[in-house]
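Engineer: Residue numbers (my numbering), protein chains in the order written: chain A, 1 to 237; chain B, 1 to 232; chain C, 1 to 222.
No lab work stands behind these hints, which were simulated from the structure alone.
Since the structure is predicted, the reported quantities are computational estimates derived from the model, not experimental observations.
Here a beta-carbon is modelled for each residue, glycine too, at the ideal position from N, C-alpha and C.
There's no promise every hint is true.
Ranges between beta-carbon positions, derived for each pair [to be verified]:
1. D119/B - T30/C: 50 to 56 angstroms
2. R178/B - K144/A: 37 to 43 angstroms
3. K144/A - L125/C: 42 to 48 angstroms
4. L216/C - D75/B: 19 to 25 angstroms
5. L3/C - E120/B: 27 to 33 angstroms
6. L218/A - T80/B: 36 to 42 angstroms
7. L3/C - G38/B: 32 to 38 angstroms
8. G121/C - L225/A: 58 to 64 angstroms
Cross-link-like lysine-lysine pairs, in silico, DSS-like; alpha carbons within 27 angstroms at most [unchecked claim]:
9. K124/B - K73/A
10. K111/B - K25/C
11. K124/B - K19/C
12. K73/A - K79/B
13. K144/A - K79/B
14. K90/C - K30/B
15. K123/B - K111/B
16. K111/B - K12/C
17. K73/A - K136/A
18. K123/B - K159/B
19. K78/B - K12/C
20. K78/B - K111/B
21. K230/A - K77/A
22. K19/C - K111/B
23. K123/B - K90/C
24. K79/B - K30/B
25. K79/B - K77/A
26. K78/B - K90/C
27. K90/C - K73/A
28. K144/A - K230/A
29. K19/C - K123/B
30. K90/C - K144/A
31. K73/A - K78/B
32. K144/A - K78/B
33. K78/B - K30/B
34. K224/A - K30/B
Here is what each chain is made of, one letter per residue.
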Amino acid sequence: MNLNNIYELRWKVLPPLAGVAMIGMAALALVTAPTEVIEGDVQRLLYVHLPSALASYFAFSVTAVCSILFLLKRDFKWDSAAQGAAVVGLIFTLLTLITGSLWGKPIWGVYWQWDPRITTTLILFLIFSAYLIARKSSSLDSDKSARFCSIYAIIGFLDIPLIHMSVRWWRTLHPQPIIAKLNPALPDEMLLVTLFSVLAVILVAAWFITLGVETELLSQRLLKLRAIAKTNISEKS
Amino acid sequence: MERTEKTMQDLAIETNCLTRRYDGLPALNKVSIQIASGSRIALLGNNGSGKTTLLTILSTLLQSSGGSARILGYDVAKKTTALRNIIGVIRHQPMLYENFSPIEDLELFAKIYQVPDSDERIKKLLTSVEIWHLRDEMIGTFSRGQKQRLMIAKSLLHKPKVLLLDEPEIGLDQDGLRVLDQLILMNAEEGSTPVTVLAATHREERVDTWATGFVRLERGQIIETALSKDNL
Amino acid sequence: MNLPTQLQIGGKLLNANLKQAWRDKTNWITAGMFAVTALLLYSFAFNLTTGLVRNLLPGVIWTVFLFSGIFATGQSFQHDRQNGILDALKISPIHPMTIYIAKTLANILMLLLIEFALLLGATILFSEPLFTPQLLLIVTIGTIGYTALSTLLSAINLDQNNGGLLLPVLALPLLVPLLIASVEATSASLQQEAGTAPWILLLSLFTIWSTAIATLMFPLAD
Chain A
1 MNLNNIYELR WKVLPPLAGV AMIGMAALAL VTAPTEVIEG DVQRLLYVHL PSALASYFAF
61 SVTAVCSILF LLKRDFKWDS AAQGAAVVGL IFTLLTLITG SLWGKPIWGV YWQWDPRITT
121 TLILFLIFSA YLIARKSSSL DSDKSARFCS IYAIIGFLDI PLIHMSVRWW RTLHPQPIIA
181 KLNPALPDEM LLVTLFSVLA VILVAAWFIT LGVETELLSQ RLLKLRAIAK TNISEKS
Chain B
1 MERTEKTMQD LAIETNCLTR RYDGLPALNK VSIQIASGSR IALLGNNGSG KTTLLTILST
61 LLQSSGGSAR ILGYDVAKKT TALRNIIGVI RHQPMLYENF SPIEDLELFA KIYQVPDSDE
121 RIKKLLTSVE IWHLRDEMIG TFSRGQKQRL MIAKSLLHKP KVLLLDEPEI GLDQDGLRVL
181 DQLILMNAEE GSTPVTVLAA THREERVDTW ATGFVRLERG QIIETALSKD NL
Chain C
1 MNLPTQLQIG GKLLNANLKQ AWRDKTNWIT AGMFAVTALL LYSFAFNLTT GLVRNLLPGV
61 IWTVFLFSGI FATGQSFQHD RQNGILDALK ISPIHPMTIY IAKTLANILM LLLIEFALLL
121 GATILFSEPL FTPQLLLIVT IGTIGYTALS TLLSAINLDQ NNGGLLLPVL ALPLLVPLLI
181 ASVEATSASL QQEAGTAPWI LLLSLFTIWS TAIATLMFPL AD
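From just these sequences and the hints, can you work out the full model?
Structural biologist: Given below as structure tokens:
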């Protein structure tokens with residue numbers, strides 16, 4: 001897979017596609033989708049909340065795959081790609097948590113509930129924040145740092161299902177008084193809107209990922225150019 | 001880079017456009033050298049010229065950013081067991097267990113390298129570097145010079161064929177330098193195949209006494225070489 | 001190098017690590033002191049002198065174990081790095097996995113020593129049956145699990161500016177399943193409930209998973 005193809009996608013294909021999809025999603029979510037009987041209009045946050053969650057998993061999958069590719073091929077492009085995708089993943093994870101809170105307050109009366117999915121999302125946020133902090137605290141071309149963080153990203157990604165399972169078991173032992181399902185059975189119209197929203201948000205996420213990846217690749221190039229400039233200056237002086 | 005008639009076997013150390021970057025800056029910039037078996041080459045250059053980087057890559061402790069390096073035909077990047085059995089290394093920093101005695105440290109590494117008749121060999125080496133009387137003392141109490149002598153002994157423990165030394169003279173007094181010359185710089189191990197030595201050094205005035213050639217680096221590039229005795 | 005030789009050398013290296021740990025006890029004693037201090041702090045903070053002890057004690061114990069254990073494992077490679085021994089081992093023909101396993105086993109043994117001592121002390125302090133075979137088993141399995149992971153993470157020194165705080169930040173989120181399983185297993189064991197076995201099973205599975213992954217990943221970190 002040639003990373004240069006991503007540049008093509010980024011300018012020519014993804015933005016218009018994502019833009020149209022988002023407009024469509026806004027229309028569908030705000031207007032067309034029926035109002036939920038019990039929860040009211042706040043329920044429409046589902047159309048952002050669920051797709052954001054999926055988008056974050058998508059982004060972190062990209063990080064994990066790129067990390068594996070980096071360890072196999074030792075080409076720093078994959079390390080840059082992994083970081084770019086991780087940033088996008090964190091953005092969507094944060095969005096998931098915020099929309100979840102905003103939705104939760106009117107419905108449950110609380111901003112937070114120790115639901116397995118939300119809790120796992122929070123831990124996911126911590127893991128990949130730690131990943132970026134660890135990676136950014138070293139030089140961009142440090143192969144030691146890149147190797148270590150790739151390993152960490154892979155372990156972190158593989159750990160997520162385990163975290164989810166264990167939190168779920170923990171919650172069955174310690175149920176909280178307020179019990180509310182995040183995703184009750186959806187009538188067909190809502191399901192369709194949800195699916196469309198997922199598609200739209202994933203397109204946006206894909207676009208953001210290409211932007212993130214290119215930012216990281218440019219940072220690497222900047223590093224090299226700065227170094228060359230430094231060498232030239234010191235040679236002339 | 002013209003290749004001479006040296007075959008792979010004659011070449012103890014061979015690098016091809018070896019490059020290593022830190023923060024974008026090349027510490028080593030397309031360095032290509034060929035060192036024949038049995039030569040003793042001085043690696044010269046100011047601080048920051050890339051000597052340590054080169055030696056560290058050859059010791060398999062650092063990955064290159066580009067190019068390749070071989071020791072006695074083995075690719076350094078692959079770090080095979082065979083390669084690691086034939087190299088002996090001295091770095092800037094002594095690689096010793098501060099809480100052990102010389103005997104304990106060397107015994108452990110003799111086991112790791114599967115050195116035959118280890119007790120005898122350890123005694124012989126510690127005697128040659130003249131610290132046999134300190135054999136049961138904690139290494140942490142040693143002076144820099146004593147640790148360096150121990151490092152000399154440790155690097156020779158498994159009878160390596162190629163020695164990669166980064167400023168082996170650090171901390172050594174006149175006697176210590178004599179020991180260094182006797183054991184490494186001026187003599188191959190008696191009886192066995194000739195040992196190749198690549199030693200970085202700042203003590204240029206001594207180079208004539210032991211080296212059969214030299215490589216001078218500046219800012220990661222070779223600026224001068226003389227790799228056969230005729231040119232010295 | 002074949003497997004029996006590697007095992008033999010691994011054994012020698014394990015001995016060397018233990019000898020080193022014993023001769024340079026400061027690191028481990030500090031970890032032990034931190035554990036005791038933290039336990040006392042929790043006693044005041046949660047008012048553990050009342051009858052609520054049984055509910056809170058498992059959580060208190062495991063957070064104390066994790067923090068002091070991760071700190072201690074972080075320091076263990078640091079010494080080897082500083083005196084160049086890690087490099088000497090990497091240059092030698094020993095397989096990287098052997099280096100890792102020998103270091104991890106040494107860490108586990110030292111941590112178990114500290115943890116068992118702490119459990120004995122806590123038994124006296126809180127009058128709770130904390131020194132039972134079942135509980136010791138749970139602590140052993142859990143310790144293997146978290147030590148395997150944190151030893152792997154401490155193997156590469158990325159921590160120049162963070163004063164050692166980066167390692168817990170990296171390790172603890174990954175260890176949530178282990179923490180949950182350990183606390184639940186400890187709690188069930190303490191209350192002598194029937195539900196202990198599934199938690200022990202879960203704990204064992206996570207430990208096996210983290211040990212396997214850490215062992216496989218260590219050579220890649222080289």
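Engineer: Compare the structure with each hint and give your call.
Structural biologist: Do the hints match the structure? See the list:
1. D119/B - T30/C: 50 to 56 angstroms: violated, 37 angstroms
2. R178/B - K144/A: 37 to 43 angstroms: For K144/A against R178/B, whose Cβ atoms are near 39 angstroms apart, the range 37 to 43 angstroms holds.
3. K144/A - L125/C: 42 to 48 angstroms: 44 angstroms Cβ-Cβ, so the 42 to 48 angstroms window holds.
4. L216/C - D75/B: 19 to 25 angstroms: With a Cβ separation near 23 angstroms, L216/C and D75/B satisfy 19 to 25 angstroms, so the hint holds.
5. L3/C - E120/B: 27 to 33 angstroms: holds, 28 angstroms
6. L218/A - T80/B: 36 to 42 angstroms: For T80/B against L218/A, whose Cβ atoms are near 38 angstroms apart, the range 36 to 42 angstroms holds.
7. L3/C - G38/B: 32 to 38 angstroms: Check passed, 36 angstroms falls within 32 to 38 angstroms.
8. G121/C - L225/A: 58 to 64 angstroms: holds, 60 angstroms
9. K124/B - K73/A: Given pair K124/B, K73/A is violated - Cα atoms ~46 angstroms apart, limit 27 angstroms.
10. K111/B - K25/C: holds, 25 angstroms
11. K124/B - K19/C: Holds: K124/B and K19/C sit about 25 angstroms apart, inside 27 angstroms.
12. K73/A - K79/B: At roughly 17 angstroms apart (the allowed maximum being 27 angstroms), K79/B and K73/A satisfy the hint.
13. K144/A - K79/B: The given pair, whose Cα atoms are some 16 angstroms apart, holds under the 27 angstroms limit.
14. K90/C - K30/B: Judged against 27 angstroms, a Cα distance of about 26 angstroms means the pair holds.
15. K123/B - K111/B: At roughly 15 angstroms apart (the allowed maximum being 27 angstroms), K111/B and K123/B satisfy the hint.
16. K111/B - K12/C: Cα-Cα ~8 angstroms, so holds.
17. K73/A - K136/A: The given pair, whose Cα atoms are some 21 angstroms apart, holds under the 27 angstroms limit.
18. K123/B - K159/B: holds, 14 angstroms
19. K78/B - K12/C: holds, 26 angstroms
20. K78/B - K111/B: Holds. K78/B to K111/B sits at ~23 angstroms (cutoff 27 angstroms).
21. K230/A - K77/A: Holds, because 23 angstroms separates the two Cα atoms, which is no more than 27 angstroms.
22. K19/C - K111/B: The given pair, whose Cα atoms are some 16 angstroms apart, holds under the 27 angstroms limit.
23. K123/B - K90/C: holds, 25 angstroms
24. K79/B - K30/B: holds, 21 angstroms
25. K79/B - K77/A: holds, 24 angstroms
26. K78/B - K90/C: Cα-Cα ~13 angstroms, so holds.
27. K90/C - K73/A: holds, 22 angstroms
28. K144/A - K230/A: Status holds; Cα separation ~24 angstroms.
29. K19/C - K123/B: Within the cut-off at roughly 22 angstroms; holds.
30. K90/C - K144/A: holds, 15 angstroms
31. K73/A - K78/B: With a Cα-Cα distance of about 14 angstroms, the restraint between K73/A and K78/B holds, given a limit of 27 angstroms.
32. K144/A - K78/B: Measuring from Cα to Cα gives roughly 17 angstroms; hence the hint holds.
33. K78/B - K30/B: Roughly 20 angstroms separates the two Cα atoms, so the pair holds.
34. K224/A - K30/B: With Cα atoms ~16 angstroms apart, K224/A and K30/B stay inside 27 angstroms; holds.
Comparing the model with each numbered hint stated earlier shows that hints 1 and 9 do not hold.
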